[in-house]
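Chains as they are written, first to last, in the numbering used here: chain A, 5 to 395; chain B, 749 to 1022.
One should not assume that every hint holds.
[What the hints assert, rightly or not] Mimicking SDA-like on lysine to any residue, the simulated pairs with C-alpha atoms at most 25 angstroms apart in a straight line are:
| # | chain 1 | residue 1 | chain 2 | residue 2 |
| --- | --- | --- | --- | --- |
| 1 | A | K140 | B | G797 |
| 2 | B | K860 | B | P948 |
| 3 | A | K140 | B | D920 |
| 4 | A | K140 | B | G939 |
| 5 | B | K860 | A | P76 |
| 6 | A | K113 | B | P948 |
| 7 | A | K113 | A | L56 |
| 8 | B | K860 | A | V158 |
| 9 | B | K860 | A | K140 |
| 10 | A | K380 | A | L356 |
| 11 | A | K286 | A | I312 |
| 12 | A | K377 | A | V158 |
| 13 | A | K140 | B | R1020 |
| 14 | B | K860 | A | K250 |
| 15 | A | K250 | A | M371 |
| 16 | B | K810 | B | P948 |
No wet-lab data here; the hints were simulated from the structure.
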Amino acid sequence: MIRLDGVTKRYPGQEGAAVERIDMDIREGEIVIFVGPSGCGKTTLMRMINRLIEPTSGRIFIQGEDVTRGNPDQLRRRIGYVIQQIGLFPHMTIGENIATVPRMLGWDKARISNRIDELLELVGLDARIFRSRYPKQLSGGQRQRVVVARALAVDPPVMLMDEPFGAIDPITRDRLQNEFLRLQQEIGKTIVFVTHDIDEAIKMGDRIAILREGATIAQYDTPEHILSAPADDFVADFVGAGASLKRLNLSRVRDVELTDWPTVVVSADRAEVLSVLRRSDKGSVLILDGQNRPVRWATARDIDRDDIPLEEAGLEPEAVVEPQSTLQDVLNLMLNSSHGAALVVDGEGAYLGAVDFATVANAVQAMRREANKELKAAADELGEAERATPA
Amino acid sequence: MSVATPGRTLGKELEEHASGTVTAAEAPPPAARRRRALFGYVAMPAFLGLVCLVLYIWVQGKELDSIEGRLVNREVIRDATVEHVQLTVVSTFFVILVAVPLGILLTRSFAKWVTPGVIALANIGQMVPSVGVLVLLALTWTIGFRPAIVALVVYSVLPVLRNTMVGLQQVDRNLIDAGRGMGMPRLRVLGRIELPLAVPVILAGVRTALVINVGTATLATFVNAGGLGKIISGGLSTSRNTVIITGAVLTAVLALLVDWVGGIAEDLLRPRGL
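So that you can see chain A by itself, here it is in the shape it has in the complex:
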């Protein structure tokens, strides 16, 4: 899909290259993460793909076409571009922002208008409310969604994202990352994603390229392999300690078995609710609305209070996750939740099941076992090498 062929960038008057002879294949529909310490040239490398920085030598192919020749503006319109600082134009409405590239490509008004509605819907914003608003009227998370919508405006096959979640608070960031992963399942773009955060790389990447000084590739592999078999000390140091805990970022909710939590519909009467509670060992019951969406999370004491209707009994469900959330997200939310479990809902918000501490603990143990096995294998290998050397 994207092929880098000996791509090099040298700046005049600078010792050594900023990017040194990079060869790389990026497969269609994958998220490839460029990660590395600051100053390693990861952003430079990404910006050469849409020629915001012109490579000194080497060639870049997108869908087999050499893009180092030809008009760079034309090229960039075919590549979605998202930067860390959001970069929404403050003097344009959300709709006008999204229309930037379609307008340049000469789409007619009706088509642009439809596309704006479609894209806002896609990123989970109500088009009627948001299309005529200005960026400063939006929260950071909403702006980030708009930027993604703007980058997708003309449905480009390739997207470049430069620390897209860097300027957002941690709680919102987790949510947006998950949303983006779900979106990617729908749109299946080929994405080059730059970050300095190895945890983000592990969570978001289908493949990770770990870069070192001078943008040479230290390792280019799947997150699983990078965690289990770092190519060298640089990679091992960069991935850092707690690699097995980092794997919580690799395991998704959809990979583990969900626990059943007692549920009732909101229209049920109290006796029924209490009997459901008695039959279960969980101590609290989940109240669902007509569309199967969790509305309240109540204990027997909450149910017992006649003065409060069922739809207001207990607490609002906290710790709500989706199947593509990582166990790391789940653990974070669970630690803050009062029921010691996270609820899993689908894209429409309908209840699917719950994840409790035991499930996460089991997953951690399985990973530990896995990691120990690998370490053991590595030790055996070294031992064999030892034995082989004298002979």
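Fit chain B to the known structure of chain A by using the hints.
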């Protein structure tokens, strides 16, 4: 929001808490703000009208001698005011015509090397006393409206030039990067992003130039270009305080009025969303 994606309202609420609610940032309520803005728009002309009225009553209450009568009468004041406004408007028009394109050119990366020189030149333009420029132009060229305009432009080009450059330079580089990264050609980035975002700062410079020009235009009388300076200098040369005061007050009123108009223009032309 909750209507479209009811299933995710929980998370959204969480997010609103995390990043500060949108509505809270918009205080004070728009109605109150509009009322205050309206008061600001009305207060200044009302005050200026009052000043003119007081001046009128004061002059009416005086016995004017023949010299005073010749300088302070309806026709002379009207003509002088019209000339003064013409001098101001025409000179400011040419200032914009010169300074804004120049400011744009000087902020392009290919022109970086000439920028200090041009700024120095504009500085000199403002440092040289305008009377000097006027006299030089009168001696070497001609007298009347045109040298007056040239002198005014030379004198007031700096604020507009400087503000154009500052306005363009303060545009967030990331916005330009985002525009370029989406395939906007440089000219389109300039027209669609840089200039609109620089408009408030440029307009502030134009407003400054307007006020400077109202003041400096009083000197135009020395090259026989008329204006309210005619009344002031007439009063000075004949030692008639009533005349001097009338001319000076009218100039001040005109300057404040022009500033007021400039303020309204700034409010109307500022891009929405900023």
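Against the structure, the hints come out as follows:
{"no.": "1", "hint": "A/K140 to B/G797", "result": "violated (39 angstroms)"}
{"no.": "2", "hint": "B/K860 to B/P948", "result": "holds (23 angstroms)"}
{"no.": "3", "hint": "A/K140 to B/D920", "result": "holds (15 angstroms)"}
{"no.": "4", "hint": "A/K140 to B/G939", "result": "holds (21 angstroms)"}
{"no.": "5", "hint": "B/K860 to A/P76", "result": "holds (24 angstroms)"}
{"no.": "6", "hint": "A/K113 to B/P948", "result": "violated (29 angstroms)"}
{"no.": "7", "hint": "A/K113 to A/L56", "result": "violated (29 angstroms)"}
{"no.": "8", "hint": "B/K860 to A/V158", "result": "violated (36 angstroms)"}
{"no.": "9", "hint": "B/K860 to A/K140", "result": "violated (33 angstroms)"}
{"no.": "10", "hint": "A/K380 to A/L356", "result": "violated (38 angstroms)"}
{"no.": "11", "hint": "A/K286 to A/I312", "result": "holds (22 angstroms)"}
{"no.": "12", "hint": "A/K377 to A/V158", "result": "violated (48 angstroms)"}
{"no.": "13", "hint": "A/K140 to B/R1020", "result": "holds (11 angstroms)"}
{"no.": "14", "hint": "B/K860 to A/K250", "result": "violated (49 angstroms)"}
{"no.": "15", "hint": "A/K250 to A/M371", "result": "holds (10 angstroms)"}
{"no.": "16", "hint": "B/K810 to B/P948", "result": "violated (46 angstroms)"}
The structure is inconsistent with the numbered hints 1, 6, 7, 8, 9, 10, 12, 14 and 16, although it conforms to all the rest.
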